[in-house]
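Given these sequences and hints, build the entire structure.
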Amino acid sequence: MEYIYAAMILHSAEKDINEENVKSIIEAAGIDADDARIKALIAALEDVDIDEAMETTAMAAAAPAAAAAPAAAEAADEEPEEEEEEEANEEEAMAGLGALFG
Numbered sequence: 052m053e054y055i056y057a058a059m060i061l062h063s064a065e066k067d068i069n070e071e072n073v074k075s076i077i078e079a080a081g082i083d084a085d086d087a088r089i090k091a092l093i094a095a096l097e098d099v100d101i102d103e104a105m106e107t108t109a110m111a112a113a114a115p116a117a118a119a120a121p122a123a124a125e126a127a128d129e130e131p132e133e134e135e136e137e138e139a140n141e142e143e144a145m146a147g148l149g150a151l152f153g
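Per our numbering, the sequence shown starts with residue 52, numbered consecutively.
To be clear, the hints were calculated from the coordinates, so they are not data collected in a lab.
Yeah, the Cβ is synthetic: ideal placement off N, Cα and C, and Gly gets one too.
A couple of the hints might just be wrong.
Stated by the list, open to error - Label-pair ranges, simulated between beta-carbon atoms:
no. : residue 1 : residue 2 : range
1   : E135      : A112      : 34 to 40 Å
2   : H62       : A114      : 20 to 26 Å
3   : E106      : E135      : 41 to 47 Å
Written out as structure tokens, the structure is:
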């Protein structure tokens, strides 16, 4: 994953994504660079539009959050009912304890 992050950093800094630059970032992070993994990354990214890939990934990550929003709102609506039930249960339990000591 750190190799992909290195490529993203280089892309964001508008630097060339090449073996030397990726290796520099990896080593600057204190990680032993694996030349084979770097070469594989560079080869894999050769035909990739990084801006498009990042946008697609961001949209894919946002979709579950958007889908979860209605469920979260629904859960928020249910909380007062749950609190009321808990209070009623506590009152019943207190009444039961009162009967033991009354």
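Please test the hint of 34 to 40 Å on the beta carbon pair from E135 and A112.
-> Holds, since E135 and A112 (Cβ atoms, about 36 Å apart) stay within the stated range.
Honestly, do H62 and A114 meet the 20 to 26 Å range at C-beta?
-> holds, 23 Å
Satisfaction of the hinted span 41 to 47 Å by the C-beta atoms belonging to E106 and E135 | holds, 45 Å
In this structure, every one of the numbered hints holds.
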